[in-house]
Amino acid sequence: QKEVEQDPGPLSVPEGAIVSLNCTYSNSAFQYFMWYRQYSRKGPELLMYTYSSGNKEDGRFTAQVDKSSKYISLFIRDSQPSDSATYLCAMSGTGGTSYGKLTFGQGTILTVHP
Amino acid sequence: EAGVTQFPSHSVIEKGQTVTLRCDPISGHDNLYWYRRVMGKEIKFLLHFVKESKQDESGMPNNRFLAERTGGTYSTLKVQPAELEDSGVYFCASSQRTGTGNEKLFFGSGTQLSVL
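Chains as they are written, first to last, in this note's numbering: chain A, 372 to 485; chain B, 0 to 115.
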């Protein structure tokens, strides 16, 4: 069983739609939760970062973490064609030098069509 | 500010050959990470440098992989001899040392390695 499960999609939505992306995980040691966006032939780019449970909002993006259910979500409001990319969830534990040792989901391919 | 730079962007080699990938982190970033994504799988951690020291190499697949970071600046990842299963995209990432969980990793665009 993978430590992080993410539906690879692909997901196709019309412009303006609300997009919901999700990951589940099994390792209760994870404390830091991230969403990365990756465009074709580029490296992952950090979108959202959350520590422990709770919500975080940044513009059209909202990240939610429910540690009791081991479930994280990313919502994109008023989606735009420029949001078309692969979205990766990632997690890490605590302490010392392990913050950058990320465990990734497989990534969800999102296409927003005009 | 220049981002994380990786060379080459693509490499095609034959099984049994040697390949060296290079990563130039963002200036001033002590942390340097190597990750790899093989076809159909998730991105996986390979190893972590703090300056020139290897802090964690638990993700290195086997002893055909050798990573170095002489002088604590750029890093190389050598695969010798390369096998078919080594094909994939190799990412490098760097970050500042914060001592907290609020560590933002900046990724390079990756090196696409194809072993034939």
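Read the hints as simulated data drawn from the structure, not as lab findings. Note that this is a predicted model, so its numbers are computed, not measured. Any given hint might turn out to be false.
What the hints assert, rightly or not - BS3-like cross-link-like pairs, simulated, lysine-lysine; straight-line CA separation at most 30 Å:
| no. | chain 1 | residue 1 | chain 2 | residue 2 |
| --- | --- | --- | --- | --- |
| 1 | B | K103 | B | K53 |
| 2 | A | K427 | A | K441 |
| 3 | B | K43 | B | K103 |
| 4 | A | K441 | B | K50 |
| 5 | A | K441 | B | K40 |
| 6 | A | K438 | B | K43 |
Hints and how they fare:
Between K103 of chain B and K53 of chain B the CA atoms are separated by roughly 19 Å; this keeps the pair inside 30 Å, and the hint holds. This hinted pair checks out: K427 of chain A and K441 of chain A have alpha carbons roughly 17 Å apart, not beyond 30 Å. Annotation: proposed proximity of K43 of chain B to K103 of chain B holds, straight-line Cα distance about 17 Å (limit 30 Å). For the proposed pair K441 of chain A and K50 of chain B, the alpha carbon gap of about 34 Å is over 30 Å, so the pair is violated.
At roughly 21 Å between alpha-carbon atoms, K441 of chain A and K40 of chain B fall within 30 Å of each other, so this suggested pair holds. Proposed proximity of K438 of chain A and K43 of chain B is supported: the alpha carbons are some 22 Å apart, at most 30 Å.
Hint violations for this structure: number 4 only, all remaining hints satisfied.
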